[in-house]
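J.: Sequence:
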Amino acid sequence: MVKEDEILPKYWYNIIPDLPKPLPPPRDPQGAYFSRIDLLRSILPKEVLRQQFTIERYIKIPEEVRDRYLSIGRPTPLFRAKRLEEYLKTPARIYFKYEGATPTGSHKINTAIPQAYFAKEEGIEHVVTETGAGQWGTAVALAASMYNMKSTIFMVKVSYEQKPMRRSIMQLYGANVYASPTNLTEYGRKILETNPQHPGSLGIAMSEAIEYALKNEFRYLVGSVLDVVLLHQSVIGQETITQLDLLGEDADILIGCVGGGSNFGGFTYPFIGNKKGKRYIAVSSAEIPKFSKGEYKYDFPDSAGLLPLVKMITLGKDYVPPPIYAGGLRYHGVAPTLSLLTKEGIVEWREYNEREIFEAAKIFIENQGIVPAPESAHAIRAVVDEAIEARKNNERKVIVFNLSGHGLLDLSNYESMMKRLNGNG
Numbered sequence: 183m184v185k186e187d188e189i190l191p192k193y194w195y196n197i198i199p200d201l202p203k204p205l206p207p208p209r210d211p212q213g214a215y216f217s218r219i220d221l222l223r224s225i226l227p228k229e230v231l232r233q234q235f236t237i238e239r240y241i242k243i244p245e246e247v248r249d250r251y252l253s254i255g256r257p258t259p260l261f262r263a264k265r266l267e268e269y270l271k272t273p274a275r276i277y278f279k280y281e282g283a284t285p286t287g288s289h290k291i292n293t294a295i296p297q298a299y300f301a302k303e304e305g306i307e308h309v310v311t312e313t314g315a316g317q318w319g320t321a322v323a324l325a326a327s328m329y330n331m332k333s334t335i336f337m338v339k340v341s342y343e344q345k346p347m348r349r350s351i352m353q354l355y356g357a358n359v360y361a362s363p364t365n366l367t368e369y370g371r372k373i374l375e376t377n378p379q380h381p382g383s384l385g386i387a388m389s390e391a392i393e394y395a396l397k398n399e400f401r402y403l404v405g406s407v408l409d410v411v412l413l414h415q416s417v418i419g420q421e422t423i424t425q426l427d428l429l430g431e432d433a434d435i436l437i438g439c440v441g442g443g444s445n446f447g448g449f450t451y452p453f454i455g456n457k458k459g460k461r462y463i464a465v466s467s468a469e470i471p472k473f474s475k476g477e478y479k480y481d482f483p484d485s486a487g488l489l490p491l492v493k494m495i496t497l498g499k500d501y502v503p504p505p506i507y508a509g510g511l512r513y514h515g516v517a518p519t520l521s522l523l524t525k526e527g528i529v530e531w532r533e534y535n536e537r538e539i540f541e542a543a544k545i546f547i548e549n550q551g552i553v554p555a556p557e558s559a560h561a562i563r564a565v566v567d568e569a570i571e572a573r574k575n576n577e578r579k580v581i582v583f584n585l586s587g588h589g590l591l592d593l594s595n596y597e598s599m600m601k602r603l604n605g606n607g
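Those letters in the sequence shown? Residues 183 to 607, per our numbering, in order.
The hints are simulated quantities; they were obtained by calculation from the structure and are not laboratory data.
Hints may contain errors.
Stated by the list, open to error - The list that follows gives simulated cross-link-like pairs (lysine-lysine, DSS-like), each with its CA atoms no further than 25 Å apart:
| no. | residue 1 | residue 2 |
| --- | --- | --- |
| 1 | LYS192 | LYS332 |
| 2 | LYS397 | LYS203 |
| 3 | LYS242 | LYS185 |
| 4 | LYS525 | LYS457 |
| 5 | LYS302 | LYS242 |
| 6 | LYS271 | LYS457 |
| 7 | LYS475 | LYS192 |
| 8 | LYS302 | LYS397 |
| 9 | LYS203 | LYS458 |
| 10 | LYS479 | LYS493 |
| 11 | LYS475 | LYS397 |
To be verified - Just the calculated beta-carbon pair ranges, DEER-fashion:
| no. | residue 1 | residue 2 | range |
| --- | --- | --- | --- |
| 12 | PRO273 | LEU590 | 27 to 37 Å |
| 13 | LYS457 | ALA214 | 33 to 43 Å |
| 14 | ARG239 | PRO378 | 43 to 53 Å |
| 15 | ARG223 | ASN575 | 49 to 59 Å |
| 16 | PHE216 | PRO259 | 44 to 54 Å |
| 17 | LYS264 | LYS372 | 34 to 44 Å |
| 18 | LEU396 | LYS457 | 37 to 47 Å |
| 19 | PRO199 | ASN330 | 51 to 61 Å |
| 20 | LYS479 | PHE216 | 43 to 53 Å |
| 21 | SER253 | LYS475 | 14 to 24 Å |
| 22 | LYS203 | GLU304 | 32 to 42 Å |
| 23 | GLN212 | GLU268 | 40 to 50 Å |
| 24 | PRO378 | MET600 | 25 to 35 Å |
| 25 | LEU590 | GLN212 | 46 to 56 Å |
From the three backbone atoms N, C-alpha and C, an ideal C-beta is built for every residue, glycine too.
When you get a sec, could you build the whole thing from the sequences and use the hints?
T.: Written out as structure tokens, the structure is:
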């Protein structure tokens, strides 16, 4: 019997040294009156900043962090979706890594814990962040409470209104939660003056969180896109490799959804770096068409342009996503490492619309019993398509996907989807 702490890795994996070409470095805009790179030193915990710019392939996970990982349910389970296979009549074997098994219901806790730990080690007493659908905010609220710190969360307004239960959980963990854009920051007030009913966006909430942290000398915790986040999330993929090895399986296709890229990168990068797997499919929303319509260029990760420019696939920092059913995918860009891997053809991409992902979610719910987050349902749609393709070609492929979070706090979104798709909304 393999023990849990033998499956949980002792090191985080960093894909930077294994990329097919050097990653374009972050930079300040021309003629800038302040350095965005220097600003990072004022808002990020020192060790988080160091890990953001490291080129080390492996970074040791502090024992305190490993203990916290074990306490919140790592390693998370790897399940075989046998009933889904039977329903689809496919010869493919389908497995899913279930990150919804954590207390916060998603993968986000994997980076919230170490970032909060490093902040606490530095003597920080208050952390700030933004959240879209609420998974990241929930993770930060819990991680902060673990280390007896206060937390403030700027939640995208449309999600704040759509998902009151997410808001309640953050508050139960002790967080202050505000609907972004707010009147608490100069940038938020500027947005509200232009449009008092602005639905908000992840880029705007990010800018507000950074401004608020700077103004109050708090520390900012980052939830996606930056390299350090994908580094911490690599526990997902490393665990999956070990779990598949124990089952005697080799993955052919690895699939995950993409908002900014954290769960997809954390899941697939250890496979890519170890040359395990043959295909990697990143799945996003057709309503936020960054893969199909975005440009690969230098852009700001946040809407106010407070963070350094990074080269990524982007719809532009001023792009305001529509208030769709999957708040976690409402982001204008793609993590720089994932953008590069996509442009190099190592990672494939798909975009699905609301009807397509709802149909896939329904199939999964009825056969496996788990309600997936709407974001994760995008990955399930690609799994269904690949399994059907395997059936047509009679191929016994192994398809593995990351079910990045459960959807039990997204039932209002599913309800609104049912009304719209049935013509009643």
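J.: Each hint needs a verdict: does it hold in this structure or not?
T.: Here's how the hints hold up against the structure:
1. LYS192 / LYS332: Answer violated: LYS192 to LYS332 is near 28 Å, above 25 Å.
2. LYS397 / LYS203: violated, 38 Å
3. LYS242 / LYS185: With Cα atoms ~20 Å apart, LYS242 and LYS185 stay inside 25 Å; holds.
4. LYS525 / LYS457: Answer holds: LYS525 to LYS457 is near 18 Å, not above 25 Å.
5. LYS302 / LYS242: holds, 18 Å
6. LYS271 / LYS457: Violated - the C-alpha atoms of LYS457 and LYS271 are around 29 Å apart, more than 25 Å.
7. LYS475 / LYS192: Measuring from Cα to Cα gives roughly 39 Å; hence the hint is violated.
8. LYS302 / LYS397: holds, 19 Å
9. LYS203 / LYS458: The hint holds at about 19 Å.
10. LYS479 / LYS493: Roughly 5 Å between the alpha carbons, so the hint for LYS479 and LYS493 holds.
11. LYS475 / LYS397: Violated. LYS475 to LYS397 sits at ~36 Å, over the 25 Å cutoff.
12. PRO273 / LEU590: 27 to 37 Å: holds, 32 Å
13. LYS457 / ALA214: 33 to 43 Å: holds, 40 Å
14. ARG239 / PRO378: 43 to 53 Å: 49 Å Cβ-Cβ, so the 43 to 53 Å window holds.
15. ARG223 / ASN575: 49 to 59 Å: holds, 53 Å
16. PHE216 / PRO259: 44 to 54 Å: Since PHE216 and PRO259 have Cβ atoms about 47 Å apart, the given range 44 to 54 Å holds.
17. LYS264 / LYS372: 34 to 44 Å: Since LYS264 and LYS372 have Cβ atoms about 53 Å apart, the given range 34 to 44 Å is violated.
18. LEU396 / LYS457: 37 to 47 Å: holds, 42 Å
19. PRO199 / ASN330: 51 to 61 Å: Between PRO199 and ASN330, where Cβ atoms are some 36 Å apart, the hint is violated.
20. LYS479 / PHE216: 43 to 53 Å: violated, 22 Å
21. SER253 / LYS475: 14 to 24 Å: violated, 42 Å
22. LYS203 / GLU304: 32 to 42 Å: Holds, since LYS203 and GLU304 (Cβ atoms, about 34 Å apart) stay within the stated range.
23. GLN212 / GLU268: 40 to 50 Å: violated, 58 Å
24. PRO378 / MET600: 25 to 35 Å: Given a distance of about 31 Å, which is inside 25 to 35 Å, the answer is holds.
25. LEU590 / GLN212: 46 to 56 Å: Holds, since LEU590 and GLN212 (Cβ atoms, about 47 Å apart) stay within the stated range.
Hint check: violations occur at hints 1, 2, 6, 7, 11, 17, 19, 20, 21, 23; the rest are consistent with the structure.
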